[in-house]
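2 protein chains.
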Amino acid sequence: MAITVKKTKHKILDMLLNHSDTHLSGQKICDVLGCSRTAVWKHIKELESEGFKIEAIQKRGYRLLSTPKELSEARILVGLKTKELGQHLIYFDSIGSTQKEAQHLAEDGAPHGTLVITSHQTTGRGRLGRIWSMPKGKGIAMSLILRPELSINRIPQLTLIAAVAVVKAITDVTGIQTDIKWPNDILVKGKKMVGILTEMQTEGTNVKAVIIGMGMNINADKNDFPEEIRSIATSLKTLTGKSHDMSLIVQTILFYFEDLYMRYLDEGFSVIKWMWESHAVSIGKRINARLFNGKVLTGLAKGIDEEGALLLEDDQGSIHKIYSADIEIK
Amino acid sequence: MAITVKKTKHKILDMLLNHSDTHLSGQKICDVLGCSRTAVWKHIKELESEGFKIEAIQKRGYRLLSTPKELSEARILVGLKTKELGQHLIYFDSIGSTQKEAQHLAEDGAPHGTLVITSHQTTGRGRLGRIWSMPKGKGIAMSLILRPELSINRIPQLTLIAAVAVVKAITDVTGIQTDIKWPNDILVKGKKMVGILTEMQTEGTNVKAVIIGMGMNINADKNDFPEEIRSIATSLKTLTGKSHDMSLIVQTILFYFEDLYMRYLDEGFSVIKWMWESHAVSIGKRINARLFNGKVLTGLAKGIDEEGALLLEDDQGSIHKIYSADIEIK
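Going line by line, the protein sequences match chains V and R.
According to this note's numbering, the residues represented by the first sequence are 92 to 421, in order.
According to this note's numbering, the residues represented by the second sequence are 92 to 421, in order.
Same shape as in the complex, but just chain V (with noise of 0.2 Å):
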């Protein structure tokens, strides 16, 4: 575990980033972060370890020739376009699940924006205590801990802007359009990518902490699913044949959800309700909806409302809210 404060080897790999056309000396960046030289050649170590590849030349000094695909730290924190969300960065190579740690740190105080990563989890769970499966560093788990100064009801509304960001997220780094499912799966052609788990503290009438948990499928091979979800689960290299940054498409969601968060504390859920309704898949079709206590309402769904409940028409005309359900589009 690593609590992370900007740091020198960040420092250094912001530099060669911002100079990936031309040799950076080393002494250059001891002069600029005020370093020794064998520190720089150390972190330099470091970041190849972690899987950039760095050309070392004799008097003309490090230039970045590559930023690996897996989930980095470094990668995540380095050039991250966010004023909190992430700041607060805390990775594990592997970890159990990232949505238990953020709920432990939440009550320990952990402040608004702290993010839980890890492309490794061992023991992640879903909707309804549902198991979780990812790949081993192959996707990305991640739980983000929020601290808004909202009223209980609308916590709700959080899972839809976190949809809607990352849809924004995956179609920016790959190209890739997804839809999304009510309330907290993004699918690409029917097949299910994301999964969004949204977990509240309160305390009395107060919301203390909003703990946005994601698992997301990204560079797994068709095989690397267990066999039984393979009809129903996909992930970006599945769909492109190719292996995708992780650590930019995490970089690209908190950018997103930051700017849309930001613009539902000041506007409202109003703006962000267009937005969910036109990446919606289920809505305009007939839907089956299975609630909690065994019964299924059938009929056309019609869109969400100001809270984030699904409005389901039924053939008499009636429309139902649905506040928790599993969908099946028919």
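Think of the hints as simulated: they come from the structure by calculation, not from any bench.
Among the hints, erroneous ones may be present.
For chains that are exact copies, the list does not tell them apart, and a pair is met inside one copy or across any two.
[Stated by the list, open to error] Listed next, the in silico DSS-like pairs over lysine-lysine satisfying Cα-Cα at most 27 Å (straight line): (1) Lys421 - Lys160; (2) Lys299 - Lys386; (3) Lys299 - Lys283; (4) Lys102 - Lys283; (5) Lys421 - Lys313; (6) Lys150 - Lys333; (7) Lys283 - Lys174; (8) Lys376 - Lys333; (9) Lys136 - Lys421; (10) Lys144 - Lys386; (11) Lys174 - Lys133; (12) Lys299 - Lys191; (13) Lys421 - Lys299; (14) Lys227 - Lys150; (15) Lys133 - Lys328; (16) Lys136 - Lys102; (17) Lys102 - Lys144; (18) Lys299 - Lys376; (19) Lys191 - Lys421; (20) Lys133 - Lys259; (21) Lys376 - Lys102.
It should be emphasised that the depicted structure is a prediction, and the values quoted were computed from it without experimental measurement.
Let chain V serve as the given structure and place chain R on it in line with the hints.
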């Protein structure tokens, strides 16, 4: 820390409590419980070290002379008249915060009714992150984990149920009448004796766990309190001049809480509402309500609504619903 199911020690105490008018032979205890004479002797010694006074007369056996006023794990468990609450008991000789521990245990799946308890809490907290200080060994800090099938907006009502349970239990055990100050304090003669802190963990729109924390001043003398709070804090001992059986108070609170909770689930909030209002010190009085935006509302406290919000009528006759505030009675 001890996660407790009823152990041989508790069974022995049970037998002693049920035969306090006579001596119980070591052999009889062995026969009933199927353990050795040496084991019985060891458990008796352990109970003595916990403050139970036990007479041992050769050839006649053991007799319980008195139980400790101090909090005791065995004393809480033996004779506990609940189905679920407190049956899963997690007792600490000393701990930073029972509420924090309970939060972590709830996240890790602790069952409905789990009680985390201590009489020595070192870093307790009250509402809004305020410090709750407690003289060592002379008060009770406890946190109860519930897993109710209720909607999020009903959870604040559980604070009010807890308050009624505490008021009833204190009267039962000590004869002292206490008052409830909305939302979460129990007062005697205008001074605070008990604070209640209700926190919740949710997932989407589902309640995963509710943690009800209580801090209670029982056997502290006036001088045990830090000087700056002596004018606002009190204890049962300060009022009566004698120590009270802390374990019995816990047992009685759990008993009433379970009873009221089951009635609440069956019959709804109205049955609790009138009990709460009949003990509430602020109802019918003029109050100042300091909201968390700094605004102060002044007016008549009319009662609580079905959600547990305080209803304040201002001088213009408008009714305000107050969900969270500090209340000052004028």
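So, going through the hints one by one against the coordinates:
Proximity of lysine 421 and lysine 160 under a CA criterion of 27 Å is satisfied in neither setting, with 37 Å inside one chain copy and 65 Å between copies. With identical chains, the CA atoms of lysine 299 and lysine 386 are at most 27 Å apart between copies only, with a shortest distance of 21 Å across copies and 33 Å within one. When the C-alpha separation of lysine 299 and lysine 283 is checked against a cutoff of 27 Å, the pair qualifies only between copies, where the shortest distance is 25 Å, while the shortest distance within a copy is 31 Å. Taking the shortest alpha-carbon separations for lysine 102 and lysine 283, neither the intra-copy value of 37 Å nor the inter-copy value of 53 Å comes in at or below 27 Å.
Proximity of lysine 421 to lysine 313 under the C-alpha cut-off of 27 Å is restricted to the intra-copy arrangement: shortest distance 25 Å within a copy versus 70 Å between copies. Proximity of lysine 150 to lysine 333 under the C-alpha cut-off of 27 Å is found in neither arrangement, the shortest distances being 36 Å within a copy and 84 Å between copies. Taking the closest pair of Cα atoms, lysine 283 and lysine 174 never come within 27 Å of each other, the shortest separation being 30 Å inside a single copy and 43 Å across copies. In this assembly of identical chains, lysine 376 and lysine 333 lie within 27 Å of each other by CA distance neither inside one copy nor across copies; the values are 33 Å within and 71 Å between.
Taking the closest pair of Cα atoms, lysine 136 and lysine 421 never come within 27 Å of each other, the shortest separation being 54 Å inside a single copy and 69 Å across copies. Proximity of lysine 144 and lysine 386 under a CA criterion of 27 Å is satisfied in neither setting, with 55 Å inside one chain copy and 58 Å between copies. In this homomeric assembly, lysine 174 and lysine 133 never come within 27 Å of each other (Cα to Cα): the closest approach is 30 Å inside a single copy and 62 Å across copies. Taking identical chains as interchangeable, the C-alpha atoms of lysine 299 and lysine 191 lie at most 27 Å apart whether they share a chain (16 Å) or sit on different chains (13 Å).
Within a single copy, lysine 421 and lysine 299 get their C-alpha atoms no closer than 39 Å, and across copies no closer than 30 Å, so neither meets the 27 Å cut-off. Taking CA atoms no more than 27 Å apart as the test, lysine 227 paired with lysine 150 passes in neither setting, with 40 Å inside one copy and 68 Å between copies. In this homomeric assembly, lysine 133 and lysine 328 never come within 27 Å of each other (Cα to Cα): the closest approach is 33 Å inside a single copy and 65 Å across copies. Proximity of lysine 136 and lysine 102 under a CA criterion of 27 Å is satisfied intra-copy only: 14 Å inside one chain copy versus 64 Å between copies.
In this assembly of identical chains, the alpha carbons of lysine 102 and lysine 144 lie at most 27 Å apart only when taken from the same copy (17 Å versus 68 Å across copies). In the homo-oligomer, the alpha carbons of lysine 299 and lysine 376 never lie at most 27 Å apart, since the shortest distance is 37 Å inside one protomer and 31 Å across protomers. When the C-alpha separation of lysine 191 and lysine 421 is checked against a cutoff of 27 Å, the pair qualifies neither within a copy, at 35 Å, nor between copies, at 45 Å. With identical chains, the CA atoms of lysine 133 and lysine 259 are never at most 27 Å apart, being 37 Å at best within one copy and 67 Å at best between copies.
With identical chains, the CA atoms of lysine 376 and lysine 102 are never at most 27 Å apart, being 50 Å at best within one copy and 62 Å at best between copies.
Checked against the numbered hints given earlier, the structure breaks hints 1, 4, 6, 7, 8, 9, 10, 11, 13, 14, 15, 18, 19, 20, 21 and satisfies all the rest.
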